[in-house]
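Asker: Position chains P, V, Y and F with the ligands against the provided structure of chain G, taking the given hints into account.
Chains as they are written, first to last, in this note's numbering: chain G, 1 to 254; chain P, 1001 to 1219; chain V, 2001 to 2219; chain Y, 3001 to 3224; chain F, 4001 to 4224.
By construction, these hints were calculated from the structure, which means they are not laboratory data.
Please note: incorrect hints may appear among the correct ones.
So, partial list: chain F residues that the calculated Cβ filter (under 7 Å) puts toward chain G [said to hold, decoys possible]:
1) L4152
2) L4156
3) L4165
4) I4166
5) P4169
6) L4211
7) A4212
8) A4216
9) L4219
Note that beta-carbon positions come from the ideal geometry of N, C-alpha and C, so glycine has one too.
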Amino acid sequence: MMTLLRKLWAVIEPTVSPRNFHDLAGRLLPWFAWPAAVLLLLGLVWGLAIAPPDYQQGNSYRIIFIHVPSASLAMGGYLMLAACAVISLVWKVKTADMVARAVAPAGAVFCFLALITGALWGKPTWGTYWVWDARLTSMLILLFLYMGVIALQHAFDEVAQGGKAAAILALVGVVNLPIIKYSVEWWNTLHQGSTFRITERPTMPPEMYLPLLVMFFGLWCLFVAVVLMRSRHIIVQRERRTRWVRELIAEGRA
Amino acid sequence: MLELQHLDAWRDDRCLYRDLTVTLPAGAVLQVAGVNGAGKTTLLHTVAGLRAPDAGRVCWRGVDRRDDPEAMQRDLLFLGHLPGLKASLSVQENLRFLAACRGLRLPAALLDRALERVGLAGCEDAPVAQLSAGQRRRVALARLFTEPVPLWVLDEPFTAIDRDGVAAIETWVADHAEAGGSVLLTTHHALSLRCPLAQLTLQRRVDDDMLADDDGALP
Amino acid sequence: MLELQHLDAWRDDRCLYRDLTVTLPAGAVLQVAGVNGAGKTTLLHTVAGLRAPDAGRVCWRGVDRRDDPEAMQRDLLFLGHLPGLKASLSVQENLRFLAACRGLRLPAALLDRALERVGLAGCEDAPVAQLSAGQRRRVALARLFTEPVPLWVLDEPFTAIDRDGVAAIETWVADHAEAGGSVLLTTHHALSLRCPLAQLTLQRRVDDDMLADDDGALP
Amino acid sequence: MMQVFAEVLRRDLRVGMRQASDWLNPLVFFLMVVALVPLAVSPAPERLQAMAAGIVWIAALLAVLLAMDGLFRSDFDDGSLEQLLLTPAPLSLLVLAKVLAHWLQTGLTLVLVAPVAALLLNLPVAAIPVLCLTLLIGTLTMSLVTAIGAALTVGLRRGGVLVPLISLPLHIPVLIFATAAVQTAMSGLPVSGFLALLAAFLVLALLFAPLAAAAALRLSLSGG
Amino acid sequence: MMQVFAEVLRRDLRVGMRQASDWLNPLVFFLMVVALVPLAVSPAPERLQAMAAGIVWIAALLAVLLAMDGLFRSDFDDGSLEQLLLTPAPLSLLVLAKVLAHWLQTGLTLVLVAPVAALLLNLPVAAIPVLCLTLLIGTLTMSLVTAIGAALTVGLRRGGVLVPLISLPLHIPVLIFATAAVQTAMSGLPVSGFLALLAAFLVLALLFAPLAAAAALRLSLSGG
Ligand code: HEM
Ligand SMILES: Nc1ncnc2c1ncn2[C@@H]1O[C@H](COP(=O)(O)OP(=O)(O)OP(=O)(O)O)[C@@H](O)[C@H]1O
Ligand SMILES: Nc1ncnc2c1ncn2[C@@H]1O[C@H](COP(=O)(O)OP(=O)(O)OP(=O)(O)O)[C@@H](O)[C@H]1O
Ligand SMILES: [Mg+2]
Ligand SMILES: [Mg+2]
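Isolated chain G (complex conformation) (with noise of 0.2 Å):
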């Protein structure tokens, strides 16, 4: 087990300093925010003026193509700040931290942005804008971790010991996300149960769910160029003081 983490960790470990993920970053950076404009575009036009109505909705539907990758993104944005805490607690590793820091506030308004999108379809469909049923409920839950998180990364004076807090907290709130996945299957719920499958054929049609791939994936690259830049911009933050910062700084490429 141990040697298999520190080959694990030879292989990480020149990436991962400040600098070079600074460096990385920027370079990774078009590679996602050029995709995320354009599938957004894309996805936006067909989902919300070439996509039929729904034969029961209307075109109420079409919040899924917000809601639905807004979920995604909410528990798969807790996901990466849980696996920030095991690289920056276990491997110290100070990027982590700072990814982290990038991660949450975006996380954050992704899970917002799903309550949200989710309570105003709820109206329409259910009848109200809120219940108290399994799947909702955890999803509130995740923004209070979120702020949790977000509220330790700054109550310390020092910046690394709010870092190492926010990170065992988000470990320890990871219980919660088998709960938003599973809650569907384990309660009786009000709330859609999965109909996406890796494995099988989805139950939608082709017109309705193609444009929500494109969302989804839209989305996702627009997530990631985001963590992206603020990770790059909280670096330079953090290591100011440091000679490459401003030599960088210096050449005015900050």
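Answerer: Below, chains P, V, Y and F with the ligands alone, put in the same frame as chain G:
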């Protein structure tokens, strides 16, 4: 024997000391000196085990403390800025508890002797809340006698202590060194010890050399 | 001119001092001495107005403080065991706020000069949370210059201050006295002042005489 | 004298800004208590509606109580309180400034998020303005009254739960009239009588609470 | 090693005895929250009965949260925590001892007065044993989990409301299953399934919370 090897300490992005290597053999007394903010407390916390070094290692009897933390903890007594006593418990209860945490039983005779040495004879049942600043420090110092260990780490032990008290503590330090123990302390007093005293002065360095390198480790 | 007349102080049923009468004229420095627990802090709190005397009175410029509390408060600066700074505000903000509480505006030049004198030039924007123990005390001491008042009441002002700092404070005290101010301070250091120094030593009295009398008044 | 008032107000607001948690936390606590109710009691909309006014008010009361606990404590711990006591300005004025700064950061923000809480609990939209108005008057009254309790316990290490204990009985009238006002508004009747009563409580608190709190502070500090 | 565990337990119990407010305050707070509900919501017996289980549990949760805030703080402030960290015994064991001592003084006493609260709110007598049982298991679980939050924020000047913020989300499952158990009991159905689940949570918390809290403590202290 305490060895500090290549220690670094960072606060945010400022380096307090770098590549600090010191050896403290049995029977030696080392005073850490330096102006306010030099990093003395930080260094003592690192030795005591309250703070992990940002780089380098702390060895006790030739073993890295990370390999056997308990061995070092057992042999070390740290007295910091705060006395570490519960205000609502009596002097006696506090000292007994702290000794018990090391697995020691305190016979009444030993306790009495310790309190007498720190000038608090007869106070064993007073709640700590009713003691003055200096009296509390004295209770904390009584632990030097109720918990006999080889390595004393004392951060400004003379704070709030009156003049006779200071002289007494100086004698205890010398006695401890002569009996083969080691003492690491900070103070702004000029020490007058019977025994030889080593000094380590931390400089406040704000030069360019102290800027962070890009080594990717958490500070 | 500060006059303490027939002061008593009790803690629970123990008498710390009784019938204490002292006069501190303008230009004088008085050191309150005494072993740990003698009652020095209690006396300074009484003078500063944080604690009402159990008997007797405190007069400032011939007027009983109870008759005109503000007059005395305006002329007095008390620095106690705690620095009295907000950790989340910067050095500058703290000093400006404390001065404003007296109705004083701090011109930038005065602030810079004060910080320079206490050895913290350039730190005006650092949050106090990031300063070491001694640096915080120094910020508190900067108030001696940003809030010029005739009467200084200092409880162990040398705590956590390094050796150069101690010498500097001694100079300030002498300067203040020469300029006609008064200083009341406690310390366990041996002071070396240029100016004459009066000493008041509080004894720890546990004799029978000090037991509570049965005079029906609340101690 | 007014200058010192303004200075204290400014300083406390600034300290609050630096530590966003100061004003954010009571807010989140408030929303959490509200969110717990449907989970623990019942998620049925009509039952929530019946409880909504009471629950929002209890949550607000608890949030104010808890937030106020720290009002003097942090100043006590770092010795600032000692220094404030020694300023020549009247202490009750400083207390008023501190309470006001604190209320601006907690009470006022509570009022701003109360509509969200009300919607979560299914309160009719028509009753929301009245709820906010009662909270606006009521939280300030409660802050002032709680300051007395906070001042009395500031010297004690663990006053945490003591403050609610001391000041809760004084809040009960406010609580009763405020919830009655909201419930009256829900049934469409006029509420000005209740509001006038709440305003009267506020005036009383403004007049007496700072004096009482100042006296309590002097008492707490002289024991040290 | 077990000796150190026992010593810490004994010391904390003794400190608690000396300061009666430590264990009395959460208790009174609990009873007050329960007492506020009839005042603010509605005194009608049948409506109270419907809410009783939820209200008692929310009150207990808040009381535990608030009381736990001080778990490490007073030890931190006087430097005892520093000394505990330096003892050769494993820190998680000491944390467990502290939590246990604390729970004996707060959680257990809550369980003892819960019947009074239940009667105030008109809960059927038949459901009271189940309520007490869920509180017995649940408050210990909550104390353990809250210890993580308390440890994370111990070094912060004003962590007061941060602790609820951090630990509340983790309490929600306990809250949901506990109140569901009581409500099931009220309708006369068997509750052993719920109780087993609560017990499982407790075991998980016993295993992991002391470790996480110990790590958090080390972290909080290293910054000082
Ligand atoms: C605030 C309320 C709501 C919340 C918090 C919420 C949350 C979620 C979450 C967490 C997912 C899982 C995404 C994933 O597995 O990647 C999801 C998926 C989904 N939601 Fe919602 N939702 C809400 C309301 C609604 C409403 C009102 C509808 C429509 C009736 C709806 C329809 C869907 C659909 C169709 C999916 C995709 C399920 C799948 O195919 O896996 N949701 N939602
Ligand atoms: N809260 C209290 N309750 C009861 N007695 C107290 C309390 N605080 C202090 N005392 C007692 O009052 C006496 C004087 O205390 P004080 O703090 O004035 O001493 P001091 O001269 O300043 O001592 P030091 O040099 O140690 O600072 C002490 O003997 C102490 O035991
Ligand atoms: N929480 C913190 N965050 C950032 N910097 C800090 C923090 N605490 C201390 N420092 C900085 O670290 C440096 C060293 O502090 P330390 O307490 O080790 O000094 P010291 O030598 O013990 O000083 P003193 O003689 O004043 O006690 C100081 O310059 C201080 O500004
Ligand atoms: Mg120091
Ligand atoms: Mg003193």
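Asker: The hint names F:A4212 as touching chain G; please verify it with the least Cβ-Cβ distance against 7 Å.
Answerer: Where the cut-off is 7 Å and the nearest Cβ of chain G is about 6 Å from F:A4212, the hint holds.
Asker: Taking 7 Å as the limit, does the beta-carbon of F:L4165 come near enough to a beta-carbon in chain G?
Answerer: Because about 5 Å separates F:L4165 from the closest Cβ in chain G, which is inside the 7 Å limit, the hint holds.
Asker: Taking the closest Cβ pair, is F:P4169 under 7 Å from chain G?
Answerer: F:P4169 check passes; min Cβ-Cβ to chain G is 4 Å, inside 7 Å.
Asker: Holds or violated: is there a CB of chain G closer than 7 Å to the CB of F:L4152?
Answerer: Interface hint status for F:L4152: holds (5 Å vs cutoff 7 Å).
Asker: Under 7 Å is the threshold here; is the Cβ of F:I4166 close enough to any Cβ of chain G for the hint to stand?
Answerer: With a minimum Cβ separation of about 4 Å from chain G (threshold 7 Å), the hint on F:I4166 holds.
Asker: Tell me if the interface restraint on F:L4211 is satisfied: Cβ within less than 7 Å of some Cβ in chain G.
Answerer: Check failed: Cβ of F:L4211 comes no nearer than 10 Å to chain G, outside 7 Å.
Asker: Are F:L4156 and chain G close enough, Cβ to Cβ, to be under 7 Å, as the hint says?
Answerer: holds, 6 Å
Asker: Close enough to count: is the Cβ of F:A4216 nearer than 7 Å to one in chain G?
Answerer: holds, 5 Å
Asker: Regarding the hint that F:L4219 lies at the interface with chain G, is the smallest CB-CB distance below 7 Å?
Answerer: At 5 Å from the nearest chain G Cβ, F:L4219 passes the 7 Å test, so the hint holds.
When each numbered hint is compared with the structure, a violation occurs for hint 6 only.
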